[in-house]
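Turn these sequences into a full structure, and let the hints steer you where they fit.
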Amino acid sequence: MILPVSIQIIPNSSVAGEATATTTDRGMNTSMPMNVSQQKKIVEYTLKTIMGQTPPMAYIGVGGTIDGQINPHLTAHVGDTVRITIINGDPILHNFNIDEFGVKGSDLNQKDQQETIEFTADKPGDFVYYCAVPGHQQIGMFGTLTVTGEATTSADSSGTKPLVAVPTIAPAIADAVSVVRNPADLPAPIGDREPTNVRVDLTAIEVNGILADGTTYRYFTFDGKIPGPMIRIRVGDKVEMHIHNATNSQMVHSIDLHAVNGPGGGAVYTQTNPGEETSFTFKALAPGVFVYHCATPSVAEHIASGMYGLIVVEPAGGLPHVDREFYVMQGEVYTTEPFGTKGNLTFDYQAMLDERPQYYVFNGASMALTTDENALRAKVGETVRIFFGVGGPNKISSFHVIGEMFDRVYDLGSLTSPPLTDVQTTIVPPGGATIVEFQVQIPGRYILVDHALSRMERGLAGYLYVTGADQPDIFHGTAITPGSGH
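For the sequence shown, our numbering gives the first residue as 1, with consecutive numbering after it.
Treat the hints as calculated values from the structure; they're not laboratory data. Among the hints, a few may not be true.
Distance ranges between label pairs, derived from CB positions [unchecked claim]:
1) Gly483 with Gly317: 40 to 50 Å
2) Asp323 with His242: 29 to 39 Å
3) Asp192 with Lys283: 15 to 25 Å
4) Thr196 with Ala174: 42 to 52 Å
5) Thr247 with Gly125: 37 to 47 Å
6) Thr247 with Ile427: 37 to 47 Å
7) Thr168 with Ala452: 32 to 42 Å
Straight line, CA to CA, 16 Å or less: simulated EDC-like cross-link-like pairs of lysine to aspartate or glutamate [unchecked claim]:
8) Lys379 with Glu404
9) Lys48 with Glu115
10) Lys238 with Glu194
11) Lys48 with Asp112
All C-beta atoms in this analysis are idealised placements derived from N, C-alpha and C, irrespective of residue type, glycine included.
Structure, rendered in structure tokens:
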């Protein structure tokens, strides 16, 4: 059976803890001789969270025989009371858990915040202690508690199974906001100008956002929207990149720009704690359409939670003129709860590792670009350009607009290669991008899809509305039949 666990939280206080093993007996003087069977042994440890070493996140022992050890091996004997003090050494979210003993620590999100956890080691074996913040265990934040001795006779004598908590779905966050970037929200073309110095500021913001009607989710974003702001520059520009991390963030964030030549695409300079700012400079050496994303472990989790965008490096002289430009990116959302569940959903790290998303999204949310507010719009005769990228982190997109052909496709985002022409569907890998251009000739509603069409049933669709006069010499029918979905 699972025995009671005692947890005491101490906010923001310094502690001088030692990893010690002491013996007490209900307040009696421990110097007096006693029969071992009468003793109640208390085993005490202090662990502190650390970052920036190998592994990237870990616990470190404080005091006693485990002082300075990374993810130290803890020991106890069956029947011991184990008392573990956890100190948060970072200004980000951590916790402490041992499943087999029902230990579920509180979330500690302030530097020097601490808690003390106490439980009885009632069975022998090797047990994993770990941080349950998604991704932290997987990059190194775990260790082993070994309990020696024989199981107590009461451990399984009843024949009953331990009580297991039934997971409940929290209600949707009442003040959740839209994270959807309107596809028309992008910078103006660069045009024909000389290279210059450019400053770019992006802020990492963790936000409770609307994933679908009645459904919310904790997103990671650049500047509060998905995708992050399009960065639009010219080849030869020198860019001063500043990354800010909001003071209320619980995670470290950073940036890797695929347009940057240098280690980590800038990530080596931009691991940014909450409330802090980092920066670096780079020169744009090649034109093209490139993805940027957060590169803080677990990188895939940060991307799946919304931290991606495009940086467009225009060639000398700029891009050819078009009438309309749009900015669309595809991503995946991995939730513990099934698609369509109402409430506040939670991230599922194992589902991400298994590449089993519950949601596919354009611009951050389910069916986001089908609303009147965020649908794409053009007029008959206009030329449309869509900058399209895949944040991922895992799935390839077969981008297609139902009822249109792409007059030009700048394959893989290359602006130095001749564009493909008359293309029905274009393949875009995770971390990749493209430009598609086409003239709209017939009024009506056109649907943006990934032609892996079952993904449409999981939230992946957008609308392009075209207004203007009919063109019966190009497209004509007698009556619209029901059931087409178009």
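So, going through the hints one by one against the coordinates:
no. : hint                           : verdict
1   : Gly483 with Gly317: 40 to 50 Å : 48 Å, holds
2   : Asp323 with His242: 29 to 39 Å : 34 Å, holds
3   : Asp192 with Lys283: 15 to 25 Å : 20 Å, holds
4   : Thr196 with Ala174: 42 to 52 Å : 45 Å, holds
5   : Thr247 with Gly125: 37 to 47 Å : 43 Å, holds
6   : Thr247 with Ile427: 37 to 47 Å : 41 Å, holds
7   : Thr168 with Ala452: 32 to 42 Å : 33 Å, holds
8   : Lys379 with Glu404             : 14 Å, holds
9   : Lys48 with Glu115              : 11 Å, holds
10  : Lys238 with Glu194             : 11 Å, holds
11  : Lys48 with Asp112              : 9 Å, holds
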